[in-house]
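Peer 1: Please build the complex by placing chain B on the supplied structure of chain A, with the hints as guidance.
Top line first, the protein sequences correspond to chains A and B.
Take 1 as the starting number for the first sequence in UniProt numbering and just add one per residue.
Take 1 as the starting number for the second sequence in UniProt numbering and just add one per residue.
Quick caveat, the hints were computed from the structure, so don't treat them as lab data.
Accuracy of the hints is not assured; some may be wrong.
As the list claims (entries may be wrong) - Subject to a maximum C-alpha distance of 27 Å in a straight line, what follows is the list of computed BS3-like cross-link-like pairs (lysine-lysine):
| no. | chain 1 | residue 1 | chain 2 | residue 2 |
| --- | --- | --- | --- | --- |
| 1 | B | Lys240 | B | Lys271 |
| 2 | B | Lys74 | A | Lys320 |
| 3 | A | Lys274 | A | Lys313 |
| 4 | B | Lys313 | A | Lys80 |
| 5 | B | Lys123 | A | Lys396 |
| 6 | A | Lys320 | B | Lys123 |
| 7 | A | Lys45 | B | Lys346 |
| 8 | B | Lys80 | A | Lys343 |
| 9 | A | Lys183 | B | Lys61 |
| 10 | B | Lys80 | A | Lys325 |
| 11 | A | Lys288 | A | Lys271 |
| 12 | B | Lys305 | B | Lys325 |
| 13 | B | Lys98 | A | Lys116 |
| 14 | A | Lys183 | B | Lys6 |
| 15 | A | Lys116 | B | Lys183 |
| 16 | B | Lys305 | A | Lys61 |
| 17 | B | Lys236 | A | Lys2 |
| 18 | B | Lys325 | A | Lys80 |
| 19 | A | Lys325 | B | Lys346 |
| 20 | A | Lys98 | B | Lys80 |
| 21 | A | Lys343 | B | Lys61 |
| 22 | B | Lys99 | A | Lys313 |
| 23 | A | Lys325 | A | Lys305 |
| 24 | A | Lys320 | B | Lys291 |
| 25 | A | Lys98 | A | Lys23 |
| 26 | A | Lys23 | A | Lys74 |
| 27 | A | Lys271 | A | Lys116 |
| 28 | B | Lys325 | A | Lys183 |
| 29 | A | Lys116 | B | Lys99 |
| 30 | B | Lys240 | A | Lys183 |
Owing to the predicted nature of the structure, the values given are computational and were not obtained by experimental measurement.
Number of protein chains: 2
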Amino acid sequence: MKCTPKSEVYTRISNFQRELQDKNIDGAIVLLNSDMFYFTGTVQKSFLYMPCDGEPILMVKRSMRRALDESPLKNIVPIKSPRQIPQVLSDFGYDSIKKIGLELDVLPFNIYTIYKNMFPDAKFYDVSPLIRGIRAIKSLYEIQLLQNAVSIIGESFLQVPSFLREGMSEMELAALFEAEMRKRGYSGFCRTRAFNQEFFYGNVCTGESGFYPSFFDGPVGGSGPSVSHSQGAGWKRVNKNEVVYIDYTCVIEGYAGDQTRVFCMGQLTPKMVKAFDDAVLIESEVAKSIKPGTLAEEPYFLALKMAEEMGYKDNFMGYKEDRVKFLGHGIGLELDEWPVLAKGFKSPIMPGMTFAMEPKFVFPEGCIGTENSFVMTETGLKNMATIPEVITYLDK
Amino acid sequence: MKCTPKSEVYTRISNFQRELQDKNIDGAIVLLNSDMFYFTGTVQKSFLYMPCDGEPILMVKRSMRRALDESPLKNIVPIKSPRQIPQVLSDFGYDSIKKIGLELDVLPFNIYTIYKNMFPDAKFYDVSPLIRGIRAIKSLYEIQLLQNAVSIIGESFLQVPSFLREGMSEMELAALFEAEMRKRGYSGFCRTRAFNQEFFYGNVCTGESGFYPSFFDGPVGGSGPSVSHSQGAGWKRVNKNEVVYIDYTCVIEGYAGDQTRVFCMGQLTPKMVKAFDDAVLIESEVAKSIKPGTLAEEPYFLALKMAEEMGYKDNFMGYKEDRVKFLGHGIGLELDEWPVLAKGFKSPIMPGMTFAMEPKFVFPEGCIGTENSFVMTETGLKNMATIPEVITYLDK
Numbered sequence: 001m002k003c004t005p006k007s008e009v010y011t012r013i014s015n016f017q018r019e020l021q022d023k024n025i026d027g028a029i030v031l032l033n034s035d036m037f038y039f040t041g042t043v044q045k046s047f048l049y050m051p052c053d054g055e056p057i058l059m060v061k062r063s064m065r066r067a068l069d070e071s072p073l074k075n076i077v078p079i080k081s082p083r084q085i086p087q088v089l090s091d092f093g094y095d096s097i098k099k100i101g102l103e104l105d106v107l108p109f110n111i112y113t114i115y116k117n118m119f120p121d122a123k124f125y126d127v128s129p130l131i132r133g134i135r136a137i138k139s140l141y142e143i144q145l146l147q148n149a150v151s152i153i154g155e156s157f158l159q160v161p162s163f164l165r166e167g168m169s170e171m172e173l174a175a176l177f178e179a180e181m182r183k184r185g186y187s188g189f190c191r192t193r194a195f196n197q198e199f200f201y202g203n204v205c206t207g208e209s210g211f212y213p214s215f216f217d218g219p220v221g222g223s224g225p226s227v228s229h230s231q232g233a234g235w236k237r238v239n240k241n242e243v244v245y246i247d248y249t250c251v252i253e254g255y256a257g258d259q260t261r262v263f264c265m266g267q268l269t270p271k272m273v274k275a276f277d278d279a280v281l282i283e284s285e286v287a288k289s290i291k292p293g294t295l296a297e298e299p300y301f302l303a304l305k306m307a308e309e310m311g312y313k314d315n316f317m318g319y320k321e322d323r324v325k326f327l328g329h330g331i332g333l334e335l336d337e338w339p340v341l342a343k344g345f346k347s348p349i350m351p352g353m354t355f356a357m358e359p360k361f362v363f364p365e366g367c368i369g370t371e372n373s374f375v376m377t378e379t380g381l382k383n384m385a386t387i388p389e390v391i392t393y394l395d396k
Numbered sequence: 001m002k003c004t005p006k007s008e009v010y011t012r013i014s015n016f017q018r019e020l021q022d023k024n025i026d027g028a029i030v031l032l033n034s035d036m037f038y039f040t041g042t043v044q045k046s047f048l049y050m051p052c053d054g055e056p057i058l059m060v061k062r063s064m065r066r067a068l069d070e071s072p073l074k075n076i077v078p079i080k081s082p083r084q085i086p087q088v089l090s091d092f093g094y095d096s097i098k099k100i101g102l103e104l105d106v107l108p109f110n111i112y113t114i115y116k117n118m119f120p121d122a123k124f125y126d127v128s129p130l131i132r133g134i135r136a137i138k139s140l141y142e143i144q145l146l147q148n149a150v151s152i153i154g155e156s157f158l159q160v161p162s163f164l165r166e167g168m169s170e171m172e173l174a175a176l177f178e179a180e181m182r183k184r185g186y187s188g189f190c191r192t193r194a195f196n197q198e199f200f201y202g203n204v205c206t207g208e209s210g211f212y213p214s215f216f217d218g219p220v221g222g223s224g225p226s227v228s229h230s231q232g233a234g235w236k237r238v239n240k241n242e243v244v245y246i247d248y249t250c251v252i253e254g255y256a257g258d259q260t261r262v263f264c265m266g267q268l269t270p271k272m273v274k275a276f277d278d279a280v281l282i283e284s285e286v287a288k289s290i291k292p293g294t295l296a297e298e299p300y301f302l303a304l305k306m307a308e309e310m311g312y313k314d315n316f317m318g319y320k321e322d323r324v325k326f327l328g329h330g331i332g333l334e335l336d337e338w339p340v341l342a343k344g345f346k347s348p349i350m351p352g353m354t355f356a357m358e359p360k361f362v363f364p365e366g367c368i369g370t371e372n373s374f375v376m377t378e379t380g381l382k383n384m385a386t387i388p389e390v391i392t393y394l395d396k
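Excised from the complex, chain A in its bound form (with noise of 0.2 Å):
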């Protein structure tokens, strides 16, 4: 299997020690499995130490074998009980830790407790800020990465006119759309890092689903197939001359791609194939003036500004109460990674940075909107899409 190159890992760890030296951290306990993978190139049931300096340590419960195979760390031991890790720190010199980074954001309370005991005379600092700040800049191997999965999602969306069929509903549309991607490598379980931020693939809504909201930070939400898991596609049944919206991820190697195409077999109303039109020229202008240094909220003001002055007020992101107030957000081994598109986050968009633009309306008859995913580069945003950003039109 195809492993993290070592120095690709290692240049992730000097980043991230010189976050925890600039902070006087003594060391971070790394956990989730997202950041075990950027840190370590695998994702065991393990835990890493990342002193402020020198070498890592990974104790590994399960499965050491296939840690070894695919960690290019030095110090890879292997642990039965989280309750070792003090004295296998204190094997390795570390023996007087008393500033301690965790992952404060994601890591359960009563797990806390459990690095709080263990640790009786240190003091805990949240780490997360200084992770997500390191990943939100990709390197070029990682890039290279996201840039296949959007390509896999491209060759995905070129199969939808072979099975997009009048009457088929969109749960059999999401299970054969699902099928193309994940028989081309689509990798499981799209990681999200927020709580609750439940997510399954992507989103299928025709006609009027567009217009039923979820909880899912998204502007568009969709049925769902029951009240127990209500976003995305549904059973209502794919109609002629509706809006068929596809919004989805692509996940290979780790790396999430995101993209929105629209379909329609027969004719969309004029004010349908507008709103389509007034949505691929606000993104265009909006990538245009995204520079390095750009903060990351202004794009969503420039993209609500030209919503509103085109007449979509109550539709950007939304429909009304349910709007939601970002325009894009962070892409990689994560959904929801930095830097986010939406007014309050005023940190600069720099080169190495990989999100996706959403501008989408809701209207009372359905979600029409576009969605690629951008890598920032020393000389201009550049869209990573490898097929063309139109409405397919089918005649069937």
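Peer 2: Relative to chain A, chain B alone:
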């Protein structure tokens, strides 16, 4: 959309309130989607206050429209930010709550801190064991939903002979099997409660893939498609005369059934055939031994004893150091519910409990075994399977 009956929701609420009173807790703030769904019938971006007595209050950030459609609760009110919770509770007359329950097994430390600051004079208690205990006993309504999920996984298994073929990748087989369940209503993400317990649909392993362990807390790993998602189906091609092992969940209307079936194009070795028969024998003997009141660890001990006597000491529930120490797990709205059939779980198995049992063996040449979903009744354990428990041989 089908909603949870009002009587069902209010029975659950009464059960929880009785526990809160027993523990002398003023009320609980429920946040996790699965618990939220259980007590309200809806999953929104929302905050549920469950007083130890009286009407609960569902405070909804997004979407009110949908909460009102789906939940039978009397008090559903909009809220802009969790910061308003103390004011809303005060408006409803709850202004001196001092002992507050939270789901501290899942609540991230940073979110816990928000609540601690919001109620500076309160003491906090972990109510997750109370909730998990209540949820472990299913109502007839829930058992019917679970039976439906198990029936749909059965239907999907019956489709396998139509698409399983030599030379296809495990990923393609997974894609097609998943699509069968998805178009029949697979809800999307299968909820799990444990931190980092990532999971996607299930596991396809063929031949020696079944020997590859993973971090996932199950007997069989699988290579997975990449090191970032290192469990389940991978890129190995399916051969003749080897085990095609399919262990999948089926989540319908929120409830997860869990089942494993084995296929083969050609012939298996006598060793593998015997191991399958032995797994089925263990399952049936253990099932017969379980009565209302049996402690949850006893079935594991019996299965382990039988497996060891049969000569599978190094193979039962994993290979050597990668063996897991359980026989089964509770199923319902989450895949890791109570009871857990594992050493140390000394609570009794009671009527209404539902769980999967999965005696399995792992050898260097692959894995084999069985799994079914069961419900405990007043008179004995009932296997919910709708399809036979045999190796399905295909002549192609």
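Peer 1: Are the hints correct? Go through all of them and say.
Peer 2: Verification of the supplied hints:
no. : hint                  : verdict
1   : Lys240(B) x Lys271(B) : holds, 16 Å
2   : Lys74(B) x Lys320(A)  : holds, 25 Å
3   : Lys274(A) x Lys313(A) : holds, 15 Å
4   : Lys313(B) x Lys80(A)  : holds, 20 Å
5   : Lys123(B) x Lys396(A) : violated, 63 Å
6   : Lys320(A) x Lys123(B) : violated, 39 Å
7   : Lys45(A) x Lys346(B)  : holds, 25 Å
8   : Lys80(B) x Lys343(A)  : holds, 16 Å
9   : Lys183(A) x Lys61(B)  : violated, 38 Å
10  : Lys80(B) x Lys325(A)  : holds, 13 Å
11  : Lys288(A) x Lys271(A) : holds, 26 Å
12  : Lys305(B) x Lys325(B) : holds, 13 Å
13  : Lys98(B) x Lys116(A)  : holds, 24 Å
14  : Lys183(A) x Lys6(B)   : violated, 42 Å
15  : Lys116(A) x Lys183(B) : violated, 46 Å
16  : Lys305(B) x Lys61(A)  : holds, 25 Å
17  : Lys236(B) x Lys2(A)   : holds, 14 Å
18  : Lys325(B) x Lys80(A)  : holds, 13 Å
19  : Lys325(A) x Lys346(B) : violated, 49 Å
20  : Lys98(A) x Lys80(B)   : violated, 39 Å
21  : Lys343(A) x Lys61(B)  : holds, 18 Å
22  : Lys99(B) x Lys313(A)  : violated, 44 Å
23  : Lys325(A) x Lys305(A) : holds, 13 Å
24  : Lys320(A) x Lys291(B) : violated, 55 Å
25  : Lys98(A) x Lys23(A)   : holds, 13 Å
26  : Lys23(A) x Lys74(A)   : holds, 25 Å
27  : Lys271(A) x Lys116(A) : violated, 58 Å
28  : Lys325(B) x Lys183(A) : violated, 33 Å
29  : Lys116(A) x Lys99(B)  : holds, 23 Å
30  : Lys240(B) x Lys183(A) : holds, 20 Å
Checked against the numbered hints given earlier, the structure breaks hints 5, 6, 9, 14, 15, 19, 20, 22, 24, 27 and 28 and satisfies all the rest.
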